[in-house]
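The chain contents come next:
4 protein chains.
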Amino acid sequence: MTYNLLKGKKGIIFGALDNKSIAWKVAEKAHEEGAIFVLTNTPTAMRFGELDELAKKTNSQIVPADATSEKDLDNLIKESMKIFGGKVDFILHSIGMSLNVRKKRVYSDLRYDYFNKTLDISAVSFHKLLQTCFKNDAISEWGSVVALSYIAAQRTLYGYNDMADAKALLESIGRSFGYIYGREKKIRINTISQSPTLTTAGAGVKGMEGLMDFTERMSPLGNADAEECANFTVVLFSDLSRKVTMQNIYHDGGFSSMGMSMRAMRMYERSLDCNDCPDVED
Amino acid sequence: MTYNLLKGKKGIIFGALDNKSIAWKVAEKAHEEGAIFVLTNTPTAMRFGELDELAKKTNSQIVPADATSEKDLDNLIKESMKIFGGKVDFILHSIGMSLNVRKKRVYSDLRYDYFNKTLDISAVSFHKLLQTCFKNDAISEWGSVVALSYIAAQRTLYGYNDMADAKALLESIGRSFGYIYGREKKIRINTISQSPTLTTAGAGVKGMEGLMDFTERMSPLGNADAEECANFTVVLFSDLSRKVTMQNIYHDGGFSSMGMSMRAMRMYERSLDCNDCPDVED
Amino acid sequence: MTYNLLKGKKGIIFGALDNKSIAWKVAEKAHEEGAIFVLTNTPTAMRFGELDELAKKTNSQIVPADATSEKDLDNLIKESMKIFGGKVDFILHSIGMSLNVRKKRVYSDLRYDYFNKTLDISAVSFHKLLQTCFKNDAISEWGSVVALSYIAAQRTLYGYNDMADAKALLESIGRSFGYIYGREKKIRINTISQSPTLTTAGAGVKGMEGLMDFTERMSPLGNADAEECANFTVVLFSDLSRKVTMQNIYHDGGFSSMGMSMRAMRMYERSLDCNDCPDVED
Amino acid sequence: MTYNLLKGKKGIIFGALDNKSIAWKVAEKAHEEGAIFVLTNTPTAMRFGELDELAKKTNSQIVPADATSEKDLDNLIKESMKIFGGKVDFILHSIGMSLNVRKKRVYSDLRYDYFNKTLDISAVSFHKLLQTCFKNDAISEWGSVVALSYIAAQRTLYGYNDMADAKALLESIGRSFGYIYGREKKIRINTISQSPTLTTAGAGVKGMEGLMDFTERMSPLGNADAEECANFTVVLFSDLSRKVTMQNIYHDGGFSSMGMSMRAMRMYERSLDCNDCPDVED
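Protein chains in written order, with the numbering used here: chain E, 4 to 285; chain D, 4 to 285; chain G, 4 to 285; chain V, 4 to 285.
Only chain E is shown next, with the shape it has when bound in the complex (with noise of 0.2 Å):
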């Protein structure tokens, strides 16, 4: 079903790799929906990713922008702008690596060099992108802006390690500049909280398949996947949401709100009933 929600809107949308990327979904969504865009990416995630085949087929152009520029991204969004002959409508923020995750470094092992690097990344870029937006005047009145954040942002898992305070940081990017961005331009800014998700970038992440079997069983929906996120984060980009800003959605099926479920205990007992399994340590 499409319903021509977007129709006439003009986006920007980052972080598309490859078809299991939610942002590959959005834009698949977003184009269902009659919006035309611009994808970006880095040129390393360009080069591993699968944009072009992207960009063909929902018929959009490609301006590759290291988010952490701020030269990539004055220069992205003036093409956009030139591409677009106007302003833009809405952004999609879908990016995050934390070097620390990818060597292996641990929580209180650090090395504050990648720290910094997960930050700017993950969270500093959002802050870029939108002052560099601001600077250009590039967003339309009543525009939205969204950025894909984890529940790590409120509680800790294990071993989403420095990804977590990266993803606090970002939510709250998103609430200080919505303030500034609804009081002087009428433009919208929130944060989706999504369901761990098994993208390429996700896999990465320690005990990833054991986390998800839990999350599927503790919500009651299941867990959301990539395609409803891209129908979720098409409404937050359409008209009828004009209202809701600075606000962290949980778009995960109800695990959130959830403290233990039947589901999700009874696999837990299981193992607490079983005589022959091996030890766990404590």
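Hint data in this document are derived by calculation from the structure and do not stem from the laboratory.
Since the list can't tell identical chains apart, any single copy or any two copies may satisfy a pair.
Pairs of lysine-lysine residues, derived as PhoX-like cross-links and limited to a Cα-Cα distance of at most 25 Å, are as follows:
1) K189 - K10
2) K120 - K74
3) K138 - K85
4) K81 - K59
Chains D, G and V: place on chain E using the hints.
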């Protein structure tokens, strides 16, 4: 603009009194978006309100029900299923009333028969509605239920009195039943925490105008009005928000994420700077 | 170790049943810290419990009261003030009961007379207590009131049933009356959200042992026990926490801020990896 | 009144500049409660401040350290352990600074080298401190670490600028490391979210006086001052709060749980009612 977001969907809408009601606007919007629905309210409210007009306009049938009566609710649900020839896809609960507020009993001098009534009408009615639906298996898979709430559930507002506690209870019931209904039937339940809104019901709250001026200046996008609330409600009824459940979503122009805005501060400071103004008791 | 933190302070302690009760531990601890207090419980609870023993041990008087009865509460407050020759400085509310839980009615099949009773006993009683104190001007300036709560007020736990809603209502009443009592009398009201605790009352909750194993492994410091809860309660009664009010403070070894711990995950994964274990229904 | 709450405990206190500093009050109070500790601050802050006076008064040693320097922190920790002949029991982190605020760069015109510095000084320093302690095994079992935060981490306040994001990051680091340190060493980490406080550092924030009048009237118990904050900090260092961890506790007279108070509303309405007052831009 309409999108056919609710094409073919059937619903029940509680709480439309007159054309200032949020429920009224939801009905109009749902109608525009292709839904058919049953309108319901208490016999008393129907006498004072203009529900017939709305029914005509939206081509709806009316089934009166006192939402605190299990019997009335059972009848409403059964009648609705008869009218639709099957299950419903969405329900709006927009019901609240406090005799303590009406009779000007302050929070440190409540009458407990009134308090019980506040809770029964404004919150327990939501459980009764959901349980009646559950027992009649009245909601389709992936159906959506929304109740309207207010930030007083989290933060105390002078004059809102025992309605604050009722809203906290309402939101909790939404979560608790959201777990059951999600697990068993893939049905989602959410509350929308709406800006203060000048409805006929809301007009009774003490100091409503001053408060709305304050929240207007605090909220970067200004207060959300009834129509905007209707737009967002429709989104939560649509298939684009399927994995959002057990949430309380602020639809308030950003108010809930503000500590102090420039605009509200300037108005406040004007009072501080005023030498001729009458004294304010400390 | 004792510190004389409550030296010269007078209080009322609700809800001590036997020596597993949190209220019992609070009484012991408050006694050690120099307080004098009245113990109270319902006549029924007193028959099954061992309150006399506690009274002897802590040199306290007992004044029976049904906390849902305004008349009983008025008598309790007046008697206490007579005993102390003046106002009280602290009150503990540790009361909760659900007939739906006891009679094994699940949440989608509640009896509403039971539900009302759950709310009345577990939450509205807190308002009745506070209003009775307010009308008798029974609490000293800078006095402190604490009620015991549980994270089910925010996150749904399988089996906790309508007690979750009661705790949400309880916490809301704490905030609402906290505003009034703070403004008028400089008295603070807080709730402590305590780890699941093996009290005689808590023992009835379904799957309590499995849940407590889970929360023990999820909480970096392990579950908080009744004695530790008593320690923290005493702190909130003391003069060192005068400006903390209208808060719900988690005393839970960190559970509330955890999404997934290494220890819980390993136990959960053992079940996932088990080939010989019985099937778990999906 | 003193209680010997910290008798025999050893600590490290960051951030005492002069006798208006919260850290200064914490040091005085910790001293009264029987603790011994090392005072630390940056060499620059020490030049402008009066740390020597505090050291003399509390019989403490001073070990200068730039909290952004891993080397300085390592030296501080090793020196402190030498001074105490063993591990420390408590640490206070009271550090924050924004060059963007100082240089009057608004939030939509940040300099990113300044922003990085804000984050490094005000938040990442907390991780560096904890990691240094962890590597030196410098904190005793059941030790306690507290950092001072502000509600801007959750709600945007005009003029607080990038410090809001720094506080959000600080609180997240507290949670993330709280998990690790709790699990591994039974050490708790919390943040206190304190009322706006007129310190020499806080004095720089735009519109501080008007804001403090507002929060004073909004908070049922009024703003919490530095001394009251010190009292509560001592409680979190004591053995009575052992199972509280990964929490952000509001010490703010109730402000965080208020939506609107009678007192603040009356002051606000006085401005609304004023005909002679100068216009306020919309």
